[in-house]
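A.B. asks: Residue numbers (our numbering), protein chains in the order written: chain Z, 1423 to 1904; chain G, 1423 to 1904; chain Y, 1423 to 1904; chain H, 70 to 181; chain D, 70 to 181; chain X, 70 to 181.
It is worth saying that the hints were derived from the structure and are not from the lab. All residues carry an ideal CB built from backbone N, CA and C; glycine is no exception.
Here are the simulated DSS-like cross-link-like pairs (lysine-lysine), alpha carbons at most 25 Å apart as the crow flies: (1) G:Lys1872 with G:Lys1808; (2) X:Lys112 with G:Lys1681; (3) Y:Lys1757 with H:Lys112; (4) Y:Lys1890 with Z:Lys1757; (5) Y:Lys1757 with Y:Lys1808.
Between beta-carbon pairs, the in silico distance windows are: (6) X:Asn144 with Z:Ala1858: 55 to 63 Å; (7) Z:Ala1858 with Y:Tyr1873: 57 to 65 Å; (8) X:Glu119 with H:Gly153: 30 to 38 Å.
One side only, chain X facing chain D, incomplete, derived with CB under 10 Å: (9) Glu131; (10) Asp164; (11) Leu165; (12) Glu167; (13) Arg170; (14) Val171; (15) Arg172.
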Amino acid sequence: MRCKAALGPMSEFNRRKGDGGGFSRAPVAAAACGKGEAMKSKKTIWLAAGLAAALFAGTAGAQEPTAEIEAATQTSAYVFNTLLFLVSGMVVMFMAAGFCMLEAGLVRAKNAATICLKNVAVYSVAGLMVWLLGYNLIYGIEEGGFLGPFKVWGVDEAGSLENGYSASSDWYFQMVFVATAASIVSGALAERIKLWSFLIFVAILTGVIYPIQASWEWGAGWLDAQFGFADFAGSTLVHSTGGWAALAGALVLGPRLGKYEGGRVHPMPGSNLPMAALGTFILWLGWFGFNGGSQLALGTIEDAQSVAKIFINTNMAACAGVVTAMALTQIIYKKVDLTVVLNGAIGGLVSITAEPLMPMIWQAVLIGSFGGVIVTLAVPVLDRLKIDDVVGAIPAHLFCGIWGTIIVPWSNNASTAGEGAPTLGGQLVGILAIGAFVFAISLLVWLALKYTLGIRVAPEHEQLGLDKVELGLEAYPEFSKG
Amino acid sequence: MRCKAALGPMSEFNRRKGDGGGFSRAPVAAAACGKGEAMKSKKTIWLAAGLAAALFAGTAGAQEPTAEIEAATQTSAYVFNTLLFLVSGMVVMFMAAGFCMLEAGLVRAKNAATICLKNVAVYSVAGLMVWLLGYNLIYGIEEGGFLGPFKVWGVDEAGSLENGYSASSDWYFQMVFVATAASIVSGALAERIKLWSFLIFVAILTGVIYPIQASWEWGAGWLDAQFGFADFAGSTLVHSTGGWAALAGALVLGPRLGKYEGGRVHPMPGSNLPMAALGTFILWLGWFGFNGGSQLALGTIEDAQSVAKIFINTNMAACAGVVTAMALTQIIYKKVDLTVVLNGAIGGLVSITAEPLMPMIWQAVLIGSFGGVIVTLAVPVLDRLKIDDVVGAIPAHLFCGIWGTIIVPWSNNASTAGEGAPTLGGQLVGILAIGAFVFAISLLVWLALKYTLGIRVAPEHEQLGLDKVELGLEAYPEFSKG
Amino acid sequence: MRCKAALGPMSEFNRRKGDGGGFSRAPVAAAACGKGEAMKSKKTIWLAAGLAAALFAGTAGAQEPTAEIEAATQTSAYVFNTLLFLVSGMVVMFMAAGFCMLEAGLVRAKNAATICLKNVAVYSVAGLMVWLLGYNLIYGIEEGGFLGPFKVWGVDEAGSLENGYSASSDWYFQMVFVATAASIVSGALAERIKLWSFLIFVAILTGVIYPIQASWEWGAGWLDAQFGFADFAGSTLVHSTGGWAALAGALVLGPRLGKYEGGRVHPMPGSNLPMAALGTFILWLGWFGFNGGSQLALGTIEDAQSVAKIFINTNMAACAGVVTAMALTQIIYKKVDLTVVLNGAIGGLVSITAEPLMPMIWQAVLIGSFGGVIVTLAVPVLDRLKIDDVVGAIPAHLFCGIWGTIIVPWSNNASTAGEGAPTLGGQLVGILAIGAFVFAISLLVWLALKYTLGIRVAPEHEQLGLDKVELGLEAYPEFSKG
Amino acid sequence: MKFIIAVIKPQKLDDVRGALNGLGVSGMTVTEVKGYGRQKGHKEVYRGAEYQVDFVPKLKIEIAVPSDQADAAVNAIVGSARSGAIGDGKIFVLDLLEAVRVRTGETGVDAL
Amino acid sequence: MKFIIAVIKPQKLDDVRGALNGLGVSGMTVTEVKGYGRQKGHKEVYRGAEYQVDFVPKLKIEIAVPSDQADAAVNAIVGSARSGAIGDGKIFVLDLLEAVRVRTGETGVDAL
Amino acid sequence: MKFIIAVIKPQKLDDVRGALNGLGVSGMTVTEVKGYGRQKGHKEVYRGAEYQVDFVPKLKIEIAVPSDQADAAVNAIVGSARSGAIGDGKIFVLDLLEAVRVRTGETGVDAL
Ligand SMILES: Nc1ncnc2c1ncn2[C@@H]1O[C@H](COP(=O)(O)OP(=O)(O)O)[C@@H](O)[C@H]1O
Ligand SMILES: Nc1ncnc2c1ncn2[C@@H]1O[C@H](COP(=O)(O)OP(=O)(O)O)[C@@H](O)[C@H]1O
Ligand SMILES: Nc1ncnc2c1ncn2[C@@H]1O[C@H](COP(=O)(O)OP(=O)(O)O)[C@@H](O)[C@H]1O
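Just need the whole structure built from these sequences, with the hints factored in.
C.D. replies: Given below as structure tokens:
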């Protein structure tokens, strides 16, 4: 552990860098431990792989030197790493269904079909944009750089042997992350936004905005190179990014008709709460892939232990978020609010996403618990600010994303991870830089859309519901509405 | 790749043959590359395994000979292959839930509980029939044959070491495919068919009809042996088969009461579209296992790369199907039709299923996109023909299945895969042979059922809804219907 | 096989014991075969690992000695074992969503949001309690003991190399099992219990009651040591335990208002049956992880074959349960009852859970089929006894759990597994001991809660529905109730 | 003017509307209701327990018509709603003192 | 004949039906409605925002009875629907000019 | 007393309630209905098939008022429910013979 952590930002860099993870970790690690002379020849890498595996293993728990443990063969390690991407990617892909159910459950019935369409469309557009632009923008950037190349991605397994995993599996894994960020936006702006304007924004977000900021860190750009910013699985890069884009949109779009009429808040209860609960469970499931897969490697004992520990911390943070939101809503409102509790689970998950590996369980519990506090308190505050966030995406993804990123150094710092470890300063730089960039560009795009195509449906259409107006159908045509 | 593709139909054969995949690929490959002397002794197979792995790996991307890469140990390769079957099989099994949700969402509320029952029953009957008859019919057939043995299957791991994977894991994987084909039928014939007559048909379809046609190709029967027909994961063998059976049923059964009354089409809107959207997402998820698992092996670097590439192509085809259906419905009808968009996702997925490995991404996108076109245009055409397909199963599974099978040679042909590669001619033979067989037998069975037990409920019962009549309950008893 | 089974209770012990599974199996097996001198030095263990793998493989199917097959490297085996825990654990975790949907679908609309909240809370509380108390109670116990230590668990990978898997992955896998047991209770007691009293019970059940009885067997306590009780994946330890706790609760709580008014049964139909069907499919999916993962190892050919066989038996038992429940309800009531059929699937799954590995397929089919019979017949019997079990949890989980445990020796006995194999006597001891303990303690806790906080909401509140009273909202606010 | 309230079988709505349109009845208001009468509902079994479904789903149609149109309207409904089976429904005729069209403020027969 | 419209609490339906059956009232039509009256609904909190629920779910019962049965029917409803709490509901009696049974064409009291 | 039945556009409910409260009308009963009138519904396309949606969702409001309040109530509704667009709805006034408050047994105007 020490050895690996000693890499500080470097290991961060490996964490998400296209050519990170897998075998390449071994030499890096070895290098770091052996005071850094790079190893180039594949041969030595192979050797290093075994060696490093042994070293890692040797550090797990207190036991006699275990250098004698045979490493996985190169092929096995390669397949393990690839498999981690594919299996994790599958459950993260399924998060699209989770967002769809959560949002469909929290909107009013007259807009439920439209939000489902948006979720299907968001995932599809994201896939296409990451292929056309996104991926190379993120990982084509040169180290320390600010902007990657605009270039369509194509399958290319050259170099995949050095990396120790299939390039295609990595692409798939990175793609579903982008889709996740975009799904966050649809919920916040539901029930009033024009379908096609929304989709244009999503195309820009997934093709350009997300990739550029992600390249700064996971692409090994300036943020990673100069500030040792740490964001393991994307509290800031994925969730806050989605949250900032949603916030900008909510400000430009304005609240739903009548939501704040007469200076009072008029709640518009979700139409299908069991569906929202299902969505939350699906998201929770997906998060194991989201955080666990972000270990990016499974070919060594140490990586297997790390992924397993990440599963536990991820789960405990969510459990704590749930219990905290339940207790708080009971105390404050004398009744438990299911919808806030569901947000609490997500708040806990987002909070642990920046660093799911280093915290001890009790730390993960506290980190997630505070995520539950944030969500519970922030939801009404947004209403007081007349920012209409239909599903609570901004508190759960933006605010908890910031919290999770700030708290990283609590568990991952110089004393636990040696010099080069993340610092509060570096974390703040990352949060601010990415926040400012995403919010500013998003604001511009939303305004541009507002004054061209328009982003808001006509009031009478909003009253009728988007399902009838944009789709010409109803989500639940047979159930008479009360 | 070249090396493997050089096997042409042979590799196809390995793709699905019970004793294909895994280790056996290695000698086959080696043989093919080494001008074909068969290797029998297990010893040499093991050697070949390592060797072939090296060769494969060597062909991935442009890099110096990597023969030095250590292969996975035989046990590891065995476990990887088995794990691929099990994990893929699990998500394919979950597609049963996807079909259930999609169909329950697209029928009227008064038939929603019955369609759920049918989906649970279909999956269960399929499992039992594949055990009692299906599996040995498919894989017990002799090479080039027409009909396999009627014989109950039992767990037998003899020979599993040569195959390189657990026979049980293969059985599980093949079984869930049969269930998928059957699920296609339930949706098309919903809201009017008699429960038990339907289940009898499903038993015959899953126990006999599907297995016989599948044996011709995946069982290495005549179609595979003589025509080099290629259907990687089953655009024709699974989806068109389900579609043909559904079409025959729809013709014999007739449209729902009032659907085409007075020469006009009277739409009967789906009662729960968010549920239909969920179903589509679940199917999408399952498709990664459906296509990815059909690589049938994960024990080499080359296989891992192939599975990963399949994931990408599968996903991109679906994305393209969605976006295409959205654009088309917007243009043609001035409104986006969510239900058609959901069909578009499935159409894209079915289209890429016949060859998810060879296409480049842009090809996968075009293949899937055209699937979206087919679905969008075919849905109203069927209505004009007064063929009442409740959920759009025929356009999505039958028509797109044909399309996907025809287009295989575009990416998988002599120039990309050497001689022995699939040809348009061979593809057409397969489509026609399987289509004629499945449609004809299905028609006979449907007619036999019609004139014995009867397949259609009484008109007044249809009006009341099958839930009340066949189950004596309601799917949503408390929601008053509008 | 023989060799391993010869271990009888010992192998059982390994099956779930924290330090069981993986590598340690090898020496144990070798020992058992080699008449039991313990092997301590890691070195020999490694050797044994390969050897045992060879031996196991050699017994699979009829083929010449295959000692020549290379075992997985130690690292590969370790990663395989850990991966089995993580992937299985993920789908078992998802069973929480399955219970949520099943229960939300089977309660009346006015209580649907509350049951969703309970399911989210149950999973969260279970996670926290297993961390704080549960895990060390189960696995900290000394061999043959009665009670383990009360001690918070923390990640500790020391000894994980001997075990051959990550301790964290095992914790995760065991934790989701505890959550499953607790989910069983929420369904049976729905629509009338006080939220917080229920959650206090859940905390005690998951933190103390479940762990103590589990420690007796899976912790290698007295039951395992002295009676060779066998419960592979928890028909008794998980499902009956949940069932006993639910039964005790149902007795203390009493039936829903009006359920048995005037000596007649007044059904209260489930409000959303498609949702209940979805829940069942999710549970079915999760069961592959539940039973398959309970093999606890995937690092050898034999383990891979075992997991695959478990998948098949698990699936076939469920299929049989479904078909049986369909046939029976059709015969008895002249109509198929979807809700009973869904219970039938679960009944079949629970029935095979005590021994999913040893039965031949036809045995698994019969075992599951009888589970379907039990559920179909027991549901009305409970009503006659005025025990109000809202979702049929007691028949499916308690009764089928007992059945599945009793029938273990049919397939796993001296003749199939050598001496030391489970016996009817031992099974009955386990069923009674665990049943008596769980039921008695649960009864006490329920009574204590009843006479302190109270466990039942006021009658007028029950009439209004818990959603309005405890959460202050409605699950489906817009759908007017008929 | 008369205010006609008819309770009919749900599947008869289109026929009734057609028949009334034939008479030039310009509008109607339809409500889902549950009915109870000679048609005593039926027994169902749910999870093994038999129970009585007392109420049958019906549609209630309300039409305001000029007095002279009332009989014709009633006959039209009877003609189009009848299936001959029990539960065909009932028609009730009430006196209507005044009618107002909200949009125009027209009153009396003009408002219908 | 009289047309009686009663708005009651949902949970009182069975009692009311029982009481009316006792009188030999042969049928009724029930509609879900939302009511507003002295019982002014209540406050709820959703996601931290307090709001007023103005309307309370009620059931509306319509029964056509022979004039001489009207008082008995009204009393039966009052007796069976009363809980004493606010929101018990109201009964309205209107004059019924004509009743027709669709199935048979019977009219007047015979149709009830 | 009068029994006023008004069919209005759903989104006008709050305005109408406000207007009636202003008059001191103490209660009302609201029902979801589907309406058919001059406003002939609209065409929709579902899966490529065009179809006619005949019925438009409306709300039916029932209010019992003392006779002297009737005109004021009708005017209040007309004033508050009008959008000027077709489909604004209709108001029907019937004679109310008797009203009873279930809770107290009060009758006549006192019951309103
Ligand atoms: N006295 C009544 N008052 C109000 N509605 C009635 C009355 N009698 C019958 N209805 C309505 O008419 C419907 C049909 O009446 P029913 O007696 O079942 O059939 P039929 O009129 O053919 O004998 C009932 O379901 C109920 O809605
Ligand atoms: N003037 C009215 N016109 C029509 N319906 C009324 C009227 N007043 C009350 N109601 C109905 O009666 C129900 C009960 O009335 P409410 O005043 O709340 O209770 P109570 O009658 O016990 O004072 C209301 O919810 C409403 O549906
Ligand atoms: N003759 C009628 N009887 C009963 N209800 C009617 C009648 N005419 C109209 N309505 C109701 O009034 C609503 C509005 O009437 P419509 O003719 O569409 O608009 P407008 O009154 O503005 O011309 C209709 O939807 C229907 O519910």
